[in-house]
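From first to last, the protein sequence lines stand for chains A and B.
So for the first sequence, this note's numbering puts the first residue at 64; every next one is plus one.
So for the second sequence, this note's numbering puts the first residue at 15; every next one is plus one.
Derived by calculation from the structure, the hints in this document are not laboratory data.
Check before you lean on any hint, since a few could be wrong.
[Claimed, not checked] What follows is a set of in silico ranges between Cβ atoms, one per label pair, in the way DEER data are often shown: (1) B/Q39 / A/A285: 29 to 37 Å; (2) A/E103 / B/A143: 46 to 54 Å; (3) A/P170 / B/R332: 31 to 39 Å; (4) B/R293 / A/A284: 55 to 63 Å; (5) A/D105 / B/R290: 54 to 62 Å.
We put the CB at the ideal spot given by N, CA and C, even for glycine.
What follows is each chain in one-letter form.
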Amino acid sequence: MSKKLKAAIIGPGNIGTDLLIKMFRSEWIEPVWMVGIDPESDGLKRAKEMGIKTTAEGVDGLLPHVIEDDIRVAFDATSAYVHAENSRKLNELGVIMVDLTPAAIGPYCVPPVNLKQHAKELEMNVNMVTCGGQATIPMVAAVSQVQPVEYGEIIATVSSRSAGPGTRKNIDEFTRTTAGAVEKVGGADKGKAIIIINPAEPPLIMRDTVHCLTKDTPDEAAITESVHNMIKEVQKYVPGYRLVNGPVFDGNRVSVFLEVEGLGDYLPKYAGNLDIMTAAGLRTAEMFAEEAANGTITLPARG
Amino acid sequence: MNLKDKKVVLHDMSLRDGMHAKRHQITVDQMVDIATGLDEAGMPLIEVTHGDGLGGTSVNYGFPAHSDEEYLGAVVPKMKNAKVSALLLPGIGTVDHLRMAKDLGVSTIRVATHCTEADVSEQHIGLAAKLEMDTVGFLMMAHMASPEKILEQAKLMESYGANCIYCTDSAGYMLPDEVSEKIGLLRAELNPTTEIGFHGHHNMGMAIANSLAAVDAGAVRIDGSVAGLGAGAGNTPLEVFVAVLERMGADHGIDLYKIMDVAEDRVVPLMDQPIRVDRDALTLGYAGVYSSFLLFAKRAEAKYGIQARDLLVELGRRGTVGGQEDMIEDLALTMAKEKGLI
């Protein structure tokens with residue numbers, strides 16, 4: 064029996080397609096279904112050409128096939144508005160949901176910080192926060208793992224071309240969700256998030272700045288080591304995650320300057336903000352698959 | 015240029031844009047003192063917030079001496095005739111801040127985006143309009159896009175519910191012809207009931223000339239700052255602009271001597287440095303860089319030994335936009351490494 068978990072992707076847009084391409088390379092996840100709502104959409108046609116089963120009837124079109132195709136994990140790359148229903152229907156059939164929308168019904172998941180714990184507890188719905196959150200929260204955690212962080216602030220700068228209509232229509236959701244996860248996952252007492260959209264051509268690669276204010280004088284050597292270790296952890300699934308400058312210490316301020324270049328699977332390389340979401344989502348599902356193969360967790364029973 | 019009897023609504027920026035020049039350290043008492051002076055001088059609109067707008071308090075832009083709530087709560091009740099506005103940059107502040115400002119008596123919300131990214135303002139402009147506030151769309155760094163692009167973005171903001179659109183020269187880069195062209199196109203193509211505004215910076219010494227060009231091309235609202243207190247080389251100095259409008263016979267409604275006195279007696283004494291076109295402020299205008307980068311670049315020069323001017327020119331070349339203050343220290347570190355200074 065194959066150790067790979069079979070997966071469905073809901074939402075055949077840019078994110079869904081990029082995820083699909085990454086998934087073909089995965090040792091742990093096998094893509095089986097692409098779910099859309101428009102039979103004429105390019106995304107569904109692309110998926111079909113890549114040899115994937117498709118339905119244009121939304122999640123309801125997938126439900127009858129979940130058991131026979133043994134779908135164990137689904138990735139929702141649609142919108143916060145429909146995610147709750149998608150998740151309820153699939154969870155009922157024992158499908159683990161990786162939420163790439165801002166719905167955040169389940170706990171936030173930032174792989175190098177708390178994925179292991181979510182996998183061990185077999186969380187049936189995990190939320191991937193935001194692109195800015197995926198890029199920066201590992202750094203906040205790297206500092207807070209050394210000593211208490213009173214305040215964590217992140218500034219994510221993304222290229223205009225990589226900021227989709229969903230983000231633009233509800234940019235407050237980005238700042239609120241990211242700030243919340245800087246606290247809950249990053250470990251800062253108080254979190255703040257800022258997003259800047261830059262229209263320069265050629266498009267700039269995603270840039271992120273992380274400022275932490277530590278309660279006591281920062282332990283420079285320990286924080287520097289922790290930051291470098293965490294960079295390596297993120298690089299395991301986002302090879303283009305780079306430390307540009309820092310950590311810089313100024314009183315109790317610790318600052319880290321990052322650049323996130325994507326793999327360029329389907330999305331362009333400058334869109335590291337989108338790449339880090341798909342890579343983190345896939346990494347999350349892989350961890351569940353690994354834990355299931357090791358016998359540390361038991362997936363919901365199927366008759 | 016004939017501006018005889020033309021209506022001009024002036025909008026003071028000293029307590030918002032001026033916060034940049036004061037590293038956001040203006041005290042509540044100073045704010046009340048200046049605002050009441052402006053109110054007595056007949057200033058119809060006064061902006062009060064952190065320099066980067068509601069919610070701007072941060073490591074990135076600077077922690078202010080007091081919160082937006084404290085400033086607004088102190089200034090608004092003291093106004094006899096003047097209305098108070100607040101700036102909001104989507105991506106920094108949220109609709110929660112907007113509601114807070116409304117509850118504190120703010121009547122005008124100015125939602126600011128980079129001049130090509132107006133679609134991030136839909137939820138904020140929509141809410142402000144729904145709350146029946148005077149709702150302004152504020153297109154920043156307007157020198158970076160063509161007149162047609164500015165118009166397209168202005169129409170988006172208008173469609174979300176803005177009743178006034180600003181062409182904002184955040185870098186103090188524009189020369190009068192560009193102002194005339196952009197304002198003229200907005201005036202010709204936007205809904206006739208939509209007001210047009212212009213916000214200038216004095217980095218190229220053009221703030222007065224540009225503001226006149228804007229009025230001549232159809233702008234009604236003109237931003238300025240008493241004594242010029244604002245980012246970079248400051249905003250259009252309002253006491254000077256009022257004197258010019260007076261000479262031209264425009265309808266501005268301000269008492270010239272009173273505003274001169276607010277400038278001289280209340281604002282100039284609290285300046286940390288003269289607000290003037292020094293070489294770094296001039297570089298902002300020349301290279302087309304966001305004016306509030308000025309003091310950050312000067313601090314980076316002091317800390318890392320890279321000239322502020324070199325930093326600003328490179329930031330301009332990279333196409334940085336408003337809010338990217340984090341790139342100043344980042345660039346200084348990179349340049350200092352390249353030069354072997356660190």
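- Taking the CB of A/D105 and the CB of B/R290, does the distance hold inside 54 to 62 Å? Given range 54 to 62 Å: holds, Cβ gap about 56 Å.
- Task: For the range 46 to 54 Å, tell me whether the beta carbons of A/E103 and B/A143 fit it or not.
- Result: violated, 36 Å
- Message: For the hint 55 to 63 Å, verify it against the beta carbon of B/R293 and that of A/A284.
- Response: Since B/R293 and A/A284 have Cβ atoms about 40 Å apart, the given range 55 to 63 Å is violated.
- Message: Please check whether B/Q39 and A/A285 have a Cβ separation lying inside 29 to 37 Å.
- Response: holds, 34 Å
- Item | Distance restraint evaluation - A/P170, B/R332, Cβ atoms, bounds 31 to 39 Å | holds, 38 Å
The structure shown violates the earlier hints numbered 2, 4.
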